[in-house]
Amino acid sequence: MSPPTLSPSRLKKVLVANRGEIAVRVIRACHELDIPTVAVYSEADRAALHVRNAGEAVCIGPAPSSESYLRGERIIEAALKTGATAIHPGYGFLSENAAFARMVVEAGLVWIGPPASAIEAMGSKTGARQRMVAAGVPVVPGTTHAIDTEEEALAIAEKIGFPVMLKAAGGGGGKGIRRVDLRGEFASAWRSTKSEALRSFKNDAVYLEKFVANPKHVEIQVLADQHGTCVHLFERDCSVQRRNQKVVEETPCVVLPAATRQAMARVAVQAAAAVDYVGAGTIEFLYSQASGEFYFLEMNTRLQVEHPVTEMVTGVDLVRAQLRIAAGEPLWFTQEDLRQSGHAIEVRIYAEDPSNNFAPAPGRIGGLREPGGPWVRVDSGVYAGYEVPIHYDPMVAKLICWGSDREEATTRLLRALREYRVRGIHTSVAFLSAILRDPEFRRGDYSTGFLTPERLAHLTQAGRNDRIATIAATLARFEGDTRPARAVTTPDASAWKLAARPGGAR
Amino acid sequence: MSPPTLSPSRLKKVLVANRGEIAVRVIRACHELDIPTVAVYSEADRAALHVRNAGEAVCIGPAPSSESYLRGERIIEAALKTGATAIHPGYGFLSENAAFARMVVEAGLVWIGPPASAIEAMGSKTGARQRMVAAGVPVVPGTTHAIDTEEEALAIAEKIGFPVMLKAAGGGGGKGIRRVDLRGEFASAWRSTKSEALRSFKNDAVYLEKFVANPKHVEIQVLADQHGTCVHLFERDCSVQRRNQKVVEETPCVVLPAATRQAMARVAVQAAAAVDYVGAGTIEFLYSQASGEFYFLEMNTRLQVEHPVTEMVTGVDLVRAQLRIAAGEPLWFTQEDLRQSGHAIEVRIYAEDPSNNFAPAPGRIGGLREPGGPWVRVDSGVYAGYEVPIHYDPMVAKLICWGSDREEATTRLLRALREYRVRGIHTSVAFLSAILRDPEFRRGDYSTGFLTPERLAHLTQAGRNDRIATIAATLARFEGDTRPARAVTTPDASAWKLAARPGGAR
Amino acid sequence: MKYEVTIRETTRVVTIEPEGACYRLTWTETDLDGEESVESHLVDLLRPSPEAFHMLIDDGSWEAGCVPSADGYLVDVVGVTTSVAVVDPRRKALRLGAANAGGLLSTQMPGRVVRLLVALGDAVKKGQPLVVVEAMKMENELKSPIDGKVAEICVAEGTTVESGARLLRVDP
Amino acid sequence: MKYEVTIRETTRVVTIEPEGACYRLTWTETDLDGEESVESHLVDLLRPSPEAFHMLIDDGSWEAGCVPSADGYLVDVVGVTTSVAVVDPRRKALRLGAANAGGLLSTQMPGRVVRLLVALGDAVKKGQPLVVVEAMKMENELKSPIDGKVAEICVAEGTTVESGARLLRVDP
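Those protein sequence lines, which keep their order, are chains G, F, C and Y. Residue numbers are given in our numbering: position 446 of the first sequence equals residue 446, and the series is strictly consecutive. Residue numbers are given in our numbering: position 462 of the second sequence equals residue 462, and the series is strictly consecutive. Residue numbers are given in our numbering: position 153 of the third sequence equals residue 153, and the series is strictly consecutive. Residue numbers are given in our numbering: position 19 of the fourth sequence equals residue 19, and the series is strictly consecutive.
Hints listed in this document are in silico derivations from the structure and should not be mistaken for laboratory results. Each residue gets a CB set at the ideal place from its N, CA and C atoms; glycine is no exception. Careful: at least some of the hints might be erroneous.
As a list, the in silico BS3-like pairs of lysine-lysine whose alpha-carbon atoms are at most 27 angstroms apart [to be verified]:
| hint | chain 1 | residue 1 | chain 2 | residue 2 |
| --- | --- | --- | --- | --- |
| 1 | F | Lys175 | Y | Lys137 |
| 2 | F | Lys175 | F | Lys202 |
| 3 | C | Lys143 | G | Lys175 |
| 4 | C | Lys137 | G | Lys202 |
| 5 | Y | Lys143 | F | Lys175 |
| 6 | F | Lys159 | F | Lys194 |
| 7 | F | Lys12 | F | Lys81 |
| 8 | F | Lys210 | F | Lys175 |
| 9 | C | Lys137 | G | Lys194 |
| 10 | Y | Lys143 | F | Lys202 |
| 11 | Y | Lys137 | F | Lys194 |
| 12 | C | Lys137 | G | Lys175 |
Every beta carbon over 12 angstroms from chain C, so not counted as near; a handful from chain F, in silico [said to hold, decoys possible]:
| hint | residue |
| --- | --- |
| 13 | Ala47 |
| 14 | Ala57 |
| 15 | Gly161 |
| 16 | Ala384 |
Can you make the complete structure from the sequences, with help from the hints?
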């Protein structure tokens, strides 16, 4: 895997059209290749970490993303003004916006992502299903087109058999999806899915799929260069989900038979080839542990939040790969060079209160100590003293651990979570520890139905230490009441205390 | 490499007889195996990170290590008091003290290290040389016994040929070593080596070796279980040294031919077997790039500071391995399972001022931001607000990066150093970056003579940014003078400024 | 000194006194069966930074973060953040007199008021949604704590509110 | 406002004025050939914490740490820490009058005084070792800044000293 040097002409300076941990991640990859970087930021993000870490920074508008991070023309203007020659979109925001991808290229800039045509082909869920069927890729039984009327939809549902899933054709990110278990619930589900689809995606087209019971969500990472070579980097198991949002991701998927892994990977490369894909992409599948079958779900034509677990087991830096592919380099390794080595697990740290129905918990991080040591990776978007803003996604960091096997990765992640200190806001840290301690999670055969309401109720109460909290709060109040002028015990002040401490220094 | 579960009976609770980053490292490994931990600390270390991270903590005496970390009987007392069943010594302090190892075992505790007999056998440099010669291990030409008189020593030196090295038989850590280039310098070198040996090691025995010109310092990591199995984990190149102290360590050693690596590893396993070694150990060699020959230098019968680079390329957690071996488990992998995958480099972050002849720079860390992201490992012993004490070693952290090849590891480490922010004290961060940018370092064929006075003068001046420092200090002073009541611009206060900023928000 | 320390509806009366260079904390703990036992701990406290409390409690090493909040502290221990109210009983009567807690609606979460569902003077039922606050792309409905009449509205649609901010008052 | 800012024997006279919500800093830079050029920068400053200075300087993103020290600030930029003295010229005369800098010996590094090599009244030469301070297992010899006589000794052997502490005074 000896890489040639990066062709320098096309990536003189990269603008990162994103914020948070992913903007920091991309900036890091650029700096490792000695490519200068430009951050863009909204007025609410002057203090954001990606602004601190970038080489340059340009303000592109007010706090709401519709007035800043989603304003393609301002981003392109910032690139031209600072002399950036390429744009990396991260994930979310404009990353899967084909029109923006086109604008970037038309402005004479390099788009670090797949061609607009590939984004479009995969952007419509029904269109993608049609293409995949044509390419011989197995899809979940159902319609490949949006359905016009409720009557027609109901007829199809009865033919396929309940339960079924109603899905917004223009949807994504777990929204616009509704399960219907019974005939009697169909009418109301149909109407609410259509109206949510219209509201969320400005497109009320809805299609229908068979509901696969207790599936695993397994996805395959692919990388394709501009010269027709496409490889896969194995799978990720992202079945721990809450409200269709991934919470924990790992690789390998322990219950996936080797032959199924190979078949799934082959199909994924086929799917990418079918849309002339270039860059990093992910093909999502449902995998039934009961039947051993798998079905194409959708393709994400961008970097995924969970890309680090793949990096940890393959040794391939996916963002570096995106940059080199965008610079026109051929892939510098073959499918045969790639191996899954050890095991990696990622958890997403959110600013939310698990004990209060996961209410968002923005606010000032009064103190922060991130874990470290061997095989612990923190992809963070925050720092001590940072005010987590109310305007954006509540994810503050990702924590990834590698281990020589799944047990080692799990216990290492538990250790790292134990070290994680986020002060002044609620986070999901203890909830994530509780998931990692759950016996079903430890077996590895959990499905997307893992986080049942009962299990959530149980897991969100784990790890309480009320006596220690009682002691700390009492000390805080007492020191505040009795020594308001100097409330902090400095290490110095404590030195003399040792001598007086019973059983202490001798 | 599927590990059996840890035999639980012998390691119920582990006391870590050390401080700083290595104590934190060992505590992490224990917590990953669900083993409770006990920290010991001196009165100067109440605020140390290892005390914060451990499960329990016991004060064992005043600041000087001779009254705390070197007091074996107090450490054993602390173990018995807290119910610890085993002691891990880290490196330095009592880690290579055979008498302490014996005391631990006699107290009924598990010693997480090699048998006292192996420590003793390797503790005397001359004794070790004798044993190695007997075991067929190549040693540097010279004497295998301490030399009695100056006359005798001079005669041997003339026979071997100048330059020669005078070495304290009881020495270690780069101390008690003196190079003699000319006959005329011999008398004074002899006397000063003897007196330094007496002062530092309470043992004035001195022996003599041929000086190997421009060698590489290459060492082999071994792991041996209690059941007679010993494997090696390849080499580390630790040739970047200042005053015989390692500064940068990497693996693999790029100029080492595969056949030499194999021969050296075979010899290392032989050397370990010759003393019935158990646990993690390192055999150090001098390797001559000119002749292709290598010579046994000494064996370190403990964990090394630079163990992380081996972990990163082999995937083996060496501290976890120490614990499992001490618990009586057989090694759970074979030599054939081990591979060198990619490349890893470590740099040591010191509290010192490179621009002022590397003067120690203890003091309060006014702010700290450690780097993160993919394949960046920070083994730190400090935190923001911590006062680096004057009493101990100036190393505050180690930074380790892995890459799929040496170029990737190097550029990643440069990126991580660029992110490293240690406020309020001088550190070696920029000096380390300058080393990594040096063309000779980049070629990889540097020897232990790499850091010449001329190169040091050059490297310690790199990376200055006086204009930025001028601007920042002026701002600090101006805000202090004009708004003493509220010297800090909060993110909030800055929001309104954006609107007014020329070319800012629109 | 005595404090009433409340975590999730459980209140402990904690006595704290300096003892040598440490602190002694004592309280009576009631277990699930109603059995009472006295807890007494000697705490060697170090505050590496104002919000970080490192405590050696009978040799055990514990760390908590305490960040002052509207009604006490936000305390985090091993990843769990909890609101802890600490009340000095001598001042309690005073505070209760001043407050009018029953019908006050405030937000636990900073955000933006996206919809006001009631107008001044409206009769409302306990549990009826009154205001919708949005943060991080999630909407939260805040419900009336009591039956009554909307007596005061302190925010308008579009207002950005801090955590703990008073939104409106319902009088019984 | 004007300041004299000194880094490693180079002094710049820097003018700083608020400009809109930013600061304008101006000074004359002299290059190695003695050529002078005027530098003028608009700085958007954010202090995420008291010691952290994040600066957008003409769109460039820079960060420095500034920790107050005995004679100004310890400033770190991309891994290099430097002492920076910042003097208000209007107050300078005053300070010079008070100080008696020439023969003062102070330590840059906190540590322990392990040996005093001179006694009160001793005649000493410039460069002659006067005191040995130890920190982190390394000994540092501090030398006389001038020829003269030891006029004052402020520490004893075994004393622990802070960075910047005055150790002794040599009068010419």
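These are the hints, each one checked on the structure:
1. Restraint check for Lys175/F and Lys137/Y: satisfied, since their Cα atoms lie roughly 13 angstroms apart, inside the 27 angstroms limit.
2. For the given pair, Lys175/F sits about 13 angstroms from Lys202/F by alpha-carbon distance, which is consistent with the 27 angstroms threshold.
3. As the CA atoms of Lys143/C and Lys175/G are separated by approximately 26 angstroms, the hinted pair is consistent with the 27 angstroms bound.
4. Using a Cα cut-off of 27 angstroms, the hinted pair Lys137/C and Lys202/G holds, with the two alpha carbons roughly 17 angstroms apart.
5. Simply put, Lys143/Y and Lys175/F have alpha-carbon atoms about 26 angstroms apart, close enough for the 27 angstroms limit, and the pair holds.
6. Restraint check for Lys159/F and Lys194/F: the C-alpha separation of about 21 angstroms stays at or below 27 angstroms, so the hint holds.
7. Distance restraint check for Lys12/F and Lys81/F: the Cα-Cα separation of roughly 14 angstroms lies within the 27 angstroms cut-off, and the hinted pair is therefore satisfied.
8. For the suggested pair Lys210/F and Lys175/F, the alpha carbons sit about 17 angstroms apart, so the restraint of at most 27 angstroms is met.
9. Our distance criterion of 27 angstroms between C-alpha atoms is met by Lys137/C and Lys194/G, whose separation comes to about 20 angstroms.
10. With a CA separation close to 31 angstroms, the supplied pair Lys143/Y and Lys202/F exceeds the 27 angstroms bound.
11. Distance check on the hinted pair: Lys137/Y and Lys194/F sit about 20 angstroms apart at the alpha-carbon level, within 27 angstroms; holds.
12. A distance of roughly 12 angstroms separates the Cα atoms of Lys137/C and Lys175/G; the hinted pair therefore holds under the 27 angstroms criterion.
13. Once the 12 angstroms rule is applied to beta carbons, Ala47/F is inconsistent with being away from chain C; the minimum gap is 6 angstroms.
14. Distance check on Ala57/F: its Cβ comes as close as 5 angstroms (rounded) to a Cβ of chain C, failing to clear the 12 angstroms threshold; non-interface status is violated.
15. Every CB of chain C is more than 12 angstroms from the CB of Gly161/F (nearest about 57 angstroms), matching its label as outside the interface.
16. The Cβ of Ala384/F sits about 7 angstroms from the closest Cβ of chain C, inside the 12 angstroms cut-off, so the non-interface label is violated.
In summary, the structure is inconsistent with hints 10, 13, 14, 16 from the numbered list given earlier, while agreeing with the others.
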